[in-house]
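Asks: With the hints as constraints, model all of the structure from the sequences given.
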Amino acid sequence: MSPAADLGRALCIITGASRGFGRALAQNVSRLVQPGSALVLVARSGPDLRTLQAELTESEAGRAGLKVEVVVADVGKAESLENIMRTCREAFCEDMDHVMLINNAASLGDVSKYVKDLSDMAQVDSYLSLNVSSALCLTARVLQAFPQHAGLRRSVVNVSSLCALQPFRSWGLYCTGKAAREMMFKVLAEEEPDLRVLSYSPAWPSRCATAVSVVRPICTDALSAGSPTTVTGPARRPAGRITGRSVQPSGGRARPPTTTSGKKTSRERKQRLLDAS
1 MSPAADLGRA LCIITGASRG FGRALAQNVS RLVQPGSALV LVARSGPDLR TLQAELTESE
61 AGRAGLKVEV VVADVGKAES LENIMRTCRE AFCEDMDHVM LINNAASLGD VSKYVKDLSD
121 MAQVDSYLSL NVSSALCLTA RVLQAFPQHA GLRRSVVNVS SLCALQPFRS WGLYCTGKAA
181 REMMFKVLAE EEPDLRVLSY SPAWPSRCAT AVSVVRPICT DALSAGSPTT VTGPARRPAG
241 RITGRSVQPS GGRARPPTTT SGKKTSRERK QRLLDAS
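For what it's worth, UniProt numbering labels the leading residue of the sequence shown as 1, then goes sequentially.
If you're looking for bench data, these hints aren't it; they were derived computationally from the structure. No experiment lies behind these values; they were computed from the predicted model shown. Among the hints, erroneous ones may be present.
To be verified - Calculated lysine-lysine pairs in the BS3-like style (CA-CA distance at most 30 Å, straight line):
{"#": "1", "residue 1": "116", "residue 2": "77"}
{"#": "2", "residue 1": "77", "residue 2": "113"}
{"#": "3", "residue 1": "186", "residue 2": "113"}
Replies: Below, the structure is given as structure tokens:
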């Protein structure tokens with residue numbers, strides 16, 4: 001393994017890891033960490049998680065000493081965050097030199113509704129709890145549990161979307177959630193200069209295939225030392241004091257599917273675009 005592709009002896013937490021892009025991330029991260037590392041994989045689907053756990057445990061990385069823990073949980077619930085953190089603390093060893101959190105869990109929501117139709121506060125609160133509050137609170141808990149000290153590097157990745165930057169009709173909740181997370185992690189980068197922060201928008205909708213080709217720059221180049229840059233679409237601009245990156249590859253610039261008569265999106269298309277969760 002080349003130094004550029006070495007994440008060290010790491011504790012890596014990945015949410016939405018049971019399928020799709022999150023699953024591909026877990027598979028590829030397992031090849032970038034040193035023996036003695038630990039993956040904590042979180043998702044709502046227990047059978048899919050345990051299948052992935054068995055696969056990684058039996059892989060070359062697993063045979064070399066990679067520890068794989070799974071937490072079946074809905075990250076939108078407070079008690080789930082407690083279970084995740086308990087597993088993280090148990091998996092962490094003092095000789096680990098890297099803590100990495102990848103916030104991938106998310107949901108598409110109901111894309112048949114315009115903003116004027118979103119009058120149910122409970123529905124909106126539930127969506128934002130899963131897609132915004134959970135990422136904020138889990139990130140805060142990880143940073144509190146593993147404070148900065150000599151010999152420990154910390155990285156946080158936010159899996160983002162073009163919808164964080166550009167509005168699309170009837171995608172109000174999804175765009176709002178992604179935009180909120182984008183700004184939240186920019187603020188985090190300002191507040192924590194020693195923390196490596198990245199918001200990454202994979203090419204879409206082929207997110208699973210994209211993970212194979214982009215996981216190395218996500219986990220290495222984009223989190224390495226050097227002058228950080230914020231990237232929005234094809235345009236680059238200096239990020240000032242921000243220590244993170246916001247990356248939108250050219251493959252991710254495709255528009256979301258247009259809705260029929262401005263109202264309905266097919267079940268098949270919606271399922272294909274659902275974020276792994």
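Asks: All hints, please: hold or fail.
Replies: Hint check:
{"no.": "1", "hint": "116 - 77", "in the structure": "holds (27 Å)"}
{"no.": "2", "hint": "77 - 113", "in the structure": "holds (25 Å)"}
{"no.": "3", "hint": "186 - 113", "in the structure": "holds (29 Å)"}
Taken one by one, the earlier hints all hold for this structure without exception.
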